Amino acid sequence: MAGAPKYRPGLGLSASRRGTEEGPWVKWSLVGAALAFSAVFLVLPLVNVFVQALSKGWGAYEAALADPDSWAAIRLTLVVAGLTVPLNLVFGVAAAWTIAKFDFRGKAVLVTLIDLPFSVSPVVAGLMLVLLFGLQGSLGPWLDAHDIHVLFALPGMVLATVFVTFPFVARELIPVMQATGSEQEQAALTLGASGWQTFWHVTLPSVKWGLLYGLILCNARAMGEFGAVSVVSGHISGLTDTMPLRVETLYQEYAGTGAFAMASLLAVLALLTLALKSWLEWRTQRGYARAERAPVSAPRP
Amino acid sequence: MDEKRFNPLPGFGLTMGYTVLYLGVIVLVPIGALVLKASALTWGQLWELATNGRALAAYRLTFGASLVAALINAGCGALLAWVLTRYEFPGRRWLDALVDFPFALPTAVAGLTLANLFAAQGWLGRFLVPLGIAGAFTPLGVVIALTFVGLPFVVRSLQPVLANLEREVEEAAATLGASRLRTFCAIIAPSLLPTVLTGFALAFARAVGEYGSIVFISGNLPFKTEIAPYLIVIRLEEFDYAGATAIASVLLVLSFVILGLVNALEGWANRWQG
Chain A
1 MAGAPKYRPG LGLSASRRGT EEGPWVKWSL VGAALAFSAV FLVLPLVNVF
51 VQALSKGWGA YEAALADPDS WAAIRLTLVV AGLTVPLNLV FGVAAAWTIA
101 KFDFRGKAVL VTLIDLPFSV SPVVAGLMLV LLFGLQGSLG PWLDAHDIHV
151 LFALPGMVLA TVFVTFPFVA RELIPVMQAT GSEQEQAALT LGASGWQTFW
201 HVTLPSVKWG LLYGLILCNA RAMGEFGAVS VVSGHISGLT DTMPLRVETL
251 YQEYAGTGAF AMASLLAVLA LLTLALKSWL EWRTQRGYAR AERAPVSAPR
301 P
Chain B
1001 MDEKRFNPLP GFGLTMGYTV LYLGVIVLVP IGALVLKASA LTWGQLWELA
1051 TNGRALAAYR LTFGASLVAA LINAGCGALL AWVLTRYEFP GRRWLDALVD
1101 FPFALPTAVA GLTLANLFAA QGWLGRFLVP LGIAGAFTPL GVVIALTFVG
1151 LPFVVRSLQP VLANLEREVE EAAATLGASR LRTFCAIIAP SLLPTVLTGF
1201 ALAFARAVGE YGSIVFISGN LPFKTEIAPY LIVIRLEEFD YAGATAIASV
1251 LLVLSFVILG LVNALEGWAN RWQG
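These protein sequence lines are chains A and B, in that order. For the first sequence, the tail end lands on 301 under the numbering used here, and the numbers increase by one without skipping. For the second sequence, the tail end lands on 1274 under the numbering used here, and the numbers increase by one without skipping.
Hints may contain errors.
[As the list claims (entries may be wrong)] One side only, chain B facing chain A, incomplete, derived with CB under 7 Å:
hint : residue
1    : Thr-1107
2    : Glu-1170
3    : Ala-1248
4    : Trp-1272
Note that these hints are calculated values from the structure, not bench results. Owing to the predicted nature of the structure, the values given are computational and were not obtained by experimental measurement. Backbone N, C-alpha and C fix where the C-beta goes; we use that ideal spot for every residue, glycine too.
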C-alpha cells in the first residue's frame, strides 16, 4: 500500500469526498440535533446548578454553605474519600501487578469478580452491609457486644464507598501494565535491583498517568456516592451526612438555595475531574503520536 | 512459551494473596451475607415477597424506564458519537469532554438539577408543562434521569470503533455507485451494531441499579413512580429485612444476567471487528 498514489490531485479528491461524506444539509442537521440533545441533557443541567445556587445572591450562597451541618458534611466527605481512595489504590496496584505480570489459571474469573461491584446496584450494596453488620445480621450481635459501631457510623460508610469504587483503579491500571510488558522489570532485576526498587523506579513511573486516571475517577465517585452510603449512614445531620446526602436533606426541607449551594460544590468537583481527565487523555494521545513519529531504532514489543 | 513458564518477577504470592483477600472481604463476604439471608427464606416466601403488587409495579417502572432510557441513549449516543468523530465544528472538543459529565457528576446533583429544570417553574418545565409534558414527579422524570445517567456509555463505546472504521470500504461502495444512504445502511450500520448493543446493555445495566438521581425527580409514589431500589430502602426503614432481601435478590440476579450478556456482546463485537 505504501507509496501507492491514493488520489489524483484535484479530480480524484473531490470525487472521493462526494462518495464518503454526507451533503452539508445532512451534516449540519445531524450536528444541530446532537447539539440540541447535548444542550438539554448536558449543558442546561450544569448551568442550572450554579444559577439556582446563586439565585438569591452571593450572601445567601455563603450563608447556606456556612451552616455547621453543611461544614460537617464537607468534612465527612473528605474523610470518607481520604480513606477510600488509598485503600482502593493499594488494592488496584496489587491486583494489576498480579494480573498483568503473571499467568495463572482463573485469571478471567478474577478480572470478572473485580468488575462485579459495577454491576451491583448501590442500594443493594448498602443492603448487603446492613445484613452483615446490622443487629439482625451475621456479625451484628458480636460487634454490638464489643461496642464496635459499623452501621450508621464512619466504618460502614467507608466500607460502602470502597465497595462501589472497588474496580476503578484496578481496571485502569491492568491494561496499562499489560501494555508496558515486563522486560524492563526483568532488566532491572538482572542488574541487581530488589523487587521493591524495581517497582518504585521502573514500574511506577511507567504507569503513573494510568494510575492518576484511575485515582481521579475513584475519588469523584467516592465523593459523590449516594445510594450505598445513604443506606448505611442513618442520615444523622451533622454526624453521618456526606455532601450528597446533605443535598437530599436540604431538598426535603425545601431549602432550595442550600441544596443547590452544596450541589454547586459537587458540580465544581465534577468539572475539575473532567478537566484533569481530559488533560490526561490529551497527554496520552500526544505520547502515542510521539511514539509513532519516533525512529524505528528503539525496539518495540 | 518458555518465557511464560519462567517468570523471574517477584511478588506474585504477596499481590495475589492481597488481591484475593481484599476482594473476599470487601465484595464476596457482603454478597455472601445477602445470599445467606435469601437462602434462609423458603422459595415460597421469597417468591411471595419478591412478587407482591407493589414490588411488581416497581420492577415494571424500573425495567420499563431503563429500557426506554437505554433506547434513547442508543439512538442519541450513536448520533453524538458519529458527529464527534466524523465532523469538525466549533466547540467539538468541549462537547467531547462534556460527554463524560454524567459519569463525573454525583447522581444526587443530577437528580436535583433535572428535577428543577423540568418542574413547572423550571427553565424547560415552563415551556413543557403547559404542553402537558410533566418531567418532574412522573415516570417520564425517571426516564429523563436515567437517560442522563446512561448517556456516556454508547458514545464512549462507539467512538473508537467509528474512528477505526476503514474509509476505503466506504470509498469502494461509492465508486461502485452506492448512494451515501445505501453505504450507511449496508456497510456502516451493520459494523456498528454489536458495539451499539454493548453500549445499550451497559446503559441499561446502569439504569436498573440507579437510585440517587431518581429519588429527587420521581416523587417516589408507591405503584406510580416508585423504583425497585427505592422500595428496598423503604423495606429497610420498616425493618422488613426479608422483604428488602427478596427484592435485592431479583435485582442482583438480573444484574449478573446482564453482565453475562455484556461479556457475550463484547466478544461478538470484537470478533466482528476482527
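Going down the list of hints, with the structure as the test:
1. The beta carbon of Thr-1107/B comes within 5 Å of a beta carbon in chain A, closer than 7 Å, and the hint placing it at the interface holds.
2. For Glu-1170/B, the suggested interface contact is upheld, since its CB lies about 5 Å from the closest CB of chain A, less than 7 Å.
3. With its C-beta approaching chain A no nearer than about 5 Å, Ala-1248/B sits inside the 7 Å limit, and its interface hint holds.
4. Interface restraint check: Trp-1272/B against chain A, minimum CB-CB distance 20 Å, threshold 7 Å, status violated.
When the structure is compared with the earlier hints, a violation turns up for hint 4 alone.
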